[in-house]
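Protein chains: 2
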Amino acid sequence: MLAAIAALALPMPAHASGVIDNVNGIAIGPDGKIVHFGALMIDDEGKVEKLIQGRYQEPEYKPKKPKRGQPWPERPKGPSFKLDAGGKTLIPGLIDAHGHVMGLGLSLITLDLSDTKSLAEAQAKIRAYAQENTGRKWIIGTGWNQETWGLGRFPTAAELDAAVGDIPVWLERVDGHAGWANSAAIRAAGVSATTKAPAGGRIEMAAGKPAGVFVDKAMDLIQKVVPAPAPKDRDNALEKAQRALLAVGITGIADMGTSIEDWQAFRRSADRGALRVRIMSYAYGLDNMVLIAGPEPTPWLYDDHLRMGGIKLLLDGALGSRGAWLKADYSDAPGQRGLPMIPSTQLRNIMSRAAMDNFQVAVHAIGDAANGEILDAIQEMSDTYSGDRRWRVEHAQIIDPTDLPRFARYGTIASMQPVHETSDWRMATARLGEARLKGAYAWKAMLDNHVPLAFGSDVPVESPNPFPGIAAAMSRQDARGEPAGGWMPEQKVSFEAALDGFTRQAAFAGFAEKKFGSLVPGQRADFLLIDRNIETASPTDIRGTQVLETWINGKRVYVKGQ
Amino acid sequence: MLAAIAALALPMPAHASGVIDNVNGIAIGPDGKIVHFGALMIDDEGKVEKLIQGRYQEPEYKPKKPKRGQPWPERPKGPSFKLDAGGKTLIPGLIDAHGHVMGLGLSLITLDLSDTKSLAEAQAKIRAYAQENTGRKWIIGTGWNQETWGLGRFPTAAELDAAVGDIPVWLERVDGHAGWANSAAIRAAGVSATTKAPAGGRIEMAAGKPAGVFVDKAMDLIQKVVPAPAPKDRDNALEKAQRALLAVGITGIADMGTSIEDWQAFRRSADRGALRVRIMSYAYGLDNMVLIAGPEPTPWLYDDHLRMGGIKLLLDGALGSRGAWLKADYSDAPGQRGLPMIPSTQLRNIMSRAAMDNFQVAVHAIGDAANGEILDAIQEMSDTYSGDRRWRVEHAQIIDPTDLPRFARYGTIASMQPVHETSDWRMATARLGEARLKGAYAWKAMLDNHVPLAFGSDVPVESPNPFPGIAAAMSRQDARGEPAGGWMPEQKVSFEAALDGFTRQAAFAGFAEKKFGSLVPGQRADFLLIDRNIETASPTDIRGTQVLETWINGKRVYVKGQ
Numbered sequence: 001m002l003a004a005i006a007a008l009a010l011p012m013p014a015h016a017s018g019v020i021d022n023v024n025g026i027a028i029g030p031d032g033k034i035v036h037f038g039a040l041m042i043d044d045e046g047k048v049e050k051l052i053q054g055r056y057q058e059p060e061y062k063p064k065k066p067k068r069g070q071p072w073p074e075r076p077k078g079p080s081f082k083l084d085a086g087g088k089t090l091i092p093g094l095i096d097a098h099g100h101v102m103g104l105g106l107s108l109i110t111l112d113l114s115d116t117k118s119l120a121e122a123q124a125k126i127r128a129y130a131q132e133n134t135g136r137k138w139i140i141g142t143g144w145n146q147e148t149w150g151l152g153r154f155p156t157a158a159e160l161d162a163a164v165g166d167i168p169v170w171l172e173r174v175d176g177h178a179g180w181a182n183s184a185a186i187r188a189a190g191v192s193a194t195t196k197a198p199a200g201g202r203i204e205m206a207a208g209k210p211a212g213v214f215v216d217k218a219m220d221l222i223q224k225v226v227p228a229p230a231p232k233d234r235d236n237a238l239e240k241a242q243r244a245l246l247a248v249g250i251t252g253i254a255d256m257g258t259s260i261e262d263w264q265a266f267r268r269s270a271d272r273g274a275l276r277v278r279i280m281s282y283a284y285g286l287d288n289m290v291l292i293a294g295p296e297p298t299p300w301l302y303d304d305h306l307r308m309g310g311i312k313l314l315l316d317g318a319l320g321s322r323g324a325w326l327k328a329d330y331s332d333a334p335g336q337r338g339l340p341m342i343p344s345t346q347l348r349n350i351m352s353r354a355a356m357d358n359f360q361v362a363v364h365a366i367g368d369a370a371n372g373e374i375l376d377a378i379q380e381m382s383d384t385y386s387g388d389r390r391w392r393v394e395h396a397q398i399i400d401p402t403d404l405p406r407f408a409r410y411g412t413i414a415s416m417q418p419v420h421e422t423s424d425w426r427m428a429t430a431r432l433g434e435a436r437l438k439g440a441y442a443w444k445a446m447l448d449n450h451v452p453l454a455f456g457s458d459v460p461v462e463s464p465n466p467f468p469g470i471a472a473a474m475s476r477q478d479a480r481g482e483p484a485g486g487w488m489p490e491q492k493v494s495f496e497a498a499l500d501g502f503t504r505q506a507a508f509a510g511f512a513e514k515k516f517g518s519l520v521p522g523q524r525a526d527f528l529l530i531d532r533n534i535e536t537a538s539p540t541d542i543r544g545t546q547v548l549e550t551w552i553n554g555k556r557v558y559v560k561g562q
Numbered sequence: 001m002l003a004a005i006a007a008l009a010l011p012m013p014a015h016a017s018g019v020i021d022n023v024n025g026i027a028i029g030p031d032g033k034i035v036h037f038g039a040l041m042i043d044d045e046g047k048v049e050k051l052i053q054g055r056y057q058e059p060e061y062k063p064k065k066p067k068r069g070q071p072w073p074e075r076p077k078g079p080s081f082k083l084d085a086g087g088k089t090l091i092p093g094l095i096d097a098h099g100h101v102m103g104l105g106l107s108l109i110t111l112d113l114s115d116t117k118s119l120a121e122a123q124a125k126i127r128a129y130a131q132e133n134t135g136r137k138w139i140i141g142t143g144w145n146q147e148t149w150g151l152g153r154f155p156t157a158a159e160l161d162a163a164v165g166d167i168p169v170w171l172e173r174v175d176g177h178a179g180w181a182n183s184a185a186i187r188a189a190g191v192s193a194t195t196k197a198p199a200g201g202r203i204e205m206a207a208g209k210p211a212g213v214f215v216d217k218a219m220d221l222i223q224k225v226v227p228a229p230a231p232k233d234r235d236n237a238l239e240k241a242q243r244a245l246l247a248v249g250i251t252g253i254a255d256m257g258t259s260i261e262d263w264q265a266f267r268r269s270a271d272r273g274a275l276r277v278r279i280m281s282y283a284y285g286l287d288n289m290v291l292i293a294g295p296e297p298t299p300w301l302y303d304d305h306l307r308m309g310g311i312k313l314l315l316d317g318a319l320g321s322r323g324a325w326l327k328a329d330y331s332d333a334p335g336q337r338g339l340p341m342i343p344s345t346q347l348r349n350i351m352s353r354a355a356m357d358n359f360q361v362a363v364h365a366i367g368d369a370a371n372g373e374i375l376d377a378i379q380e381m382s383d384t385y386s387g388d389r390r391w392r393v394e395h396a397q398i399i400d401p402t403d404l405p406r407f408a409r410y411g412t413i414a415s416m417q418p419v420h421e422t423s424d425w426r427m428a429t430a431r432l433g434e435a436r437l438k439g440a441y442a443w444k445a446m447l448d449n450h451v452p453l454a455f456g457s458d459v460p461v462e463s464p465n466p467f468p469g470i471a472a473a474m475s476r477q478d479a480r481g482e483p484a485g486g487w488m489p490e491q492k493v494s495f496e497a498a499l500d501g502f503t504r505q506a507a508f509a510g511f512a513e514k515k516f517g518s519l520v521p522g523q524r525a526d527f528l529l530i531d532r533n534i535e536t537a538s539p540t541d542i543r544g545t546q547v548l549e550t551w552i553n554g555k556r557v558y559v560k561g562q
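So the protein sequences, as listed, match chains A and B.
With UniProt numbering, letter number 369 in the first sequence gets 369, and the count goes up by one each step, no holes.
With UniProt numbering, letter number 233 in the second sequence gets 233, and the count goes up by one each step, no holes.
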């Protein structure tokens, strides 16, 4: 018995200390400037021990001769592992300041139309998917975009019936702000010619009947009868989402609109040790906030892998579906100017309710009217809820130039998605006309105003790959190099600012800057090895960056090709 | 830098090894027989290292002389701490196989009428509470029992109005199967003379109007307008519940009917390291099961402190409110025989849905019809869902003697509450008449049939104190020693069986027997030091046992008087 007690070993540390040597290290320092290093040392908790200039040196061992009868002192322990990276470029793990983790995951297990170039191609893909997935009660999908198809109008239920008519089909538009139903789905939902759209929503009509597309809150009419994914589906989706994120170098993400079902999937993954990507969670509305986090934001859980720190509110829709709330009519749809999805008083009540319990408030605002409204509301809130609140405006796409200076007040953060600009610029020009574009996707103006600027992807609306995001931020050109010279090139930002937006600022926007984001000693060792020196590469070259390895908490969690 | 690396210490173990020496140790061995020991050794994970016969001995240190130039070998490490318990009695931490953790907690922060001896006393207490708690929107309470009051009928809304008339009052009966509302509460709920009781419920009527008491599912009519407790209230309630449980030696409990809100409170407590009592959670219905646990039971979380392993279903009500479902009419209410709260097909569908994902099924069955029905259902399920299922019948109060032998089949567990018998025997006799009592609270018959018999309290219906439970199990007498010789004394069980029911069997009933319950080496070191030798004490003496210290995971979590 006694021997057994003496033999009880101390528990092994969960992490081994290590050094990643011989790297072209690039990170953002506390002042927002680029720092360089040649080796990264990791402590046994998976945190950054030190950034080393030049190469790693073994610890010295020149002990004095011991006294008679005494052994030589032990050789100092070096790190448990050493990796020679062969001069490859090492950057901090990239952080997506605005994404939808389960949205990505569910899109990876459902029909994806985002690569379709025409209505006919989409119809063929839908038909093929139905044939491959027999036995499903519904066909669910995402990613369609009538603009990409060059259709000039929404598709119809009849066009969807032509692909699949026997079971209900429900397909969300790429921006999540509209859905396309076939006749079986419309019937299943009990929607008819006399059904009224709920406030904040619109039913597209044709010949006095629902035409097939349901905009914003009218989507609920169909969605309420769509079978919810089972927990197993969600677990599968989350695992696929994590793999997709790690493969493009995303080690942390703000989940913008977490439901209780999403949260439970996050916890299930973490409980079995499978949550690798760090999630800064923002509850989908008040009910989820209260149910998930309770009386205050959660602590950081699972070694800084999960925290609910705030609430996400949707103040308006998107430009594509003309749901964005504008101060004046859409240029291409006179009489329409979108609409607020939350009435003024209710918005303030919700913000107040969240802020009083120290939750951070993140509000989706795309149109100039929505941005003006949220800036008004923040101004009013700031009297009561002072201190470091980091009010977030999500997207902040179209800003009335007179509102731009107001962004810098009250510590408001602009959470923007560079790739949206390159996807949207033609459409935005059509929707708004040239005159209203001065404050559109105005990244450089935000920086000039000293507004903290966090970058994200809005995945699954766009690809989660942050490298095209960095390229777009620097060039305002899309993957085809259009438009030449960049759209509104005065809003381009530097490589430094682009990397900052996807690392340190994205962490700051989530109250995580002490945890991760810039490889400062004491932060979590989340980093990437990539295949090119993105500091000296052109935006076009940056766009094609391949992630070779992704490390989180000092552990390798992704290797390209494995 | 190098020095810094070398100095990085191994993480300290979360627990220190130790020995509790000089105890009168009593536990239940793997064969169900009592084992004795004089010292308990705890390893550095908080698990039982060994039970020692006699006293603890320091490790020997008689090393051989080392070779020249070599130091003497280190003295073997003993445990980090030693406690001389001065011969006090040490028993395993007691486990409540059926309780309601948040129900207890919320009862501790709401008006408690369980000590009132008359309607007038209750009215006075309600009035005083309202005056002490001004500003509340509702007054919520529990614990009343018209039988204890000697009222011979339910109380009325008018009688409650006489205590508090200006704000709504809603008071649950001691068994949770009926609620008493004042007129303001009935108005707030929009209940009127024409309101129909939902299936499985009954509105007590007087002069054609709701009389004030709502039975079983009719309680929902009022409850749906009662403001839900805020998360802060729930956190406060859970902490109070834990303290109450630890003070009476409960170190583990099966939470019978966990809602998502309950679960979130458990996790909040555990996330901040404050969950001491081990909770075996059974979801309140399918929706909670799927939402909380997802595709399968959760793993054991937080060092075996929390797991959702099953589902709790309510098949009938209680005897007191005549909601228990009987095969024949109530003796004291001809024409009434209670009713099933879940129709036959639905019961089987729910059980099947849970079992197919390997959730354990625990079904509340009090009346003889309900017990017959659940035994039928288990029999049918067992064809499809074989293996170690441990179907649980909760309460199993009134069994048709012809059904008793069926209990032993399919590994069905009887989860029973000894104190219920001592609280109920007069009422049960009135409700059922002598002839139907042969299978009532039939503990010994269960043991004779080789049915695993787990004991609990049904807290907050009864006090969580397990020592009166052990005493009741052995004596079938209440705190006043009534009835003399015990009620149906042939159903008394031994001290050994009573302790087994509150330890090893309660753990087994929750699939936790490898984790805790009987101080077998490798199990969690959850134990009590108590003020008397309960093995040799009389039931009356056992009833008064005081817990001096409660230890969980090898750590002291409660000391009497501190």
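Don't read these hints as lab results, they were simulated from the structure.
Take the hints with a grain of salt, since some may be wrong.
Residues from chain A shown here face chain B by an in silico Cβ test under 8 Å; the list is partial [to be verified]:
hint, residue
1, I34
2, V35
3, G69
4, P71
5, P73
6, K232
7, D235
8, I260
9, Q264
10, D271
11, R272
12, V290
13, T298
14, P299
Backbone N, C-alpha and C define an ideal beta-carbon position, used for all residues, glycine too.
With chain B as the partner, please determine if R272 of chain A meets the hint condition of a C-beta pair closer than 8 Å.
Hint on R272 of chain A: holds, closest Cβ of chain B at ~7 Å, below 8 Å.
> Against chain B, is K232 of chain A within 8 Å by beta-carbon distance?
Replying inline: Holds. Min distance 4 Å.
Given P299 of chain A as an interface hint, is the shortest Cβ-Cβ distance to chain B below 8 Å? 6 Å, holds
Q. Can we keep the D235 of chain A interface hint, with Cβ of chain B closer than 8 Å?
A. 6 Å, holds
Taking the least C-beta to C-beta distance, is Q264 of chain A closer than 8 Å to chain B?
At 6 Å from the nearest chain B Cβ, Q264 of chain A passes the 8 Å test, so the hint holds.
Have a go at the I260 of chain A hint: is there a Cβ in chain B nearer than 8 Å to its own Cβ? The hint holds - I260 of chain A has a Cβ within 8 Å of chain B, the shortest such distance being about 7 Å.
Q: Mind checking the CB of G69 of chain A against every CB in chain B and telling me if the closest is under 8 Å?
A: Because about 6 Å separates G69 of chain A from the closest Cβ in chain B, which is inside the 8 Å limit, the hint holds.
**Study point:** Evaluation of the interface hint that places D271 of chain A against chain B, nearest CB under 8 Å
**Key:** 6 Å, holds
| task | Verify the interface restraint on P71 of chain A: the C-beta must sit less than 8 Å from at least one C-beta of chain B. | result | 7 Å, holds
I34 of chain A as an interface hint toward chain B, with CB separation required under 8 Å: Given a least distance of 22 Å, the restraint on I34 of chain A is violated.
Note to self: A closest beta-carbon separation below 8 Å is what the hint needs, so does T298 of chain A meet it against chain B?
What the structure shows: 7 Å, holds
Worksheet item: Is the hint on V290 of chain A kept, meaning its closest Cβ partner in chain B is under 8 Å away?
Response: Since chain B brings a Cβ to about 6 Å from V290 of chain A, closer than 8 Å, the hint holds.
Going through the hint list in order, the structure does not satisfy hints 1, 2 and 5.
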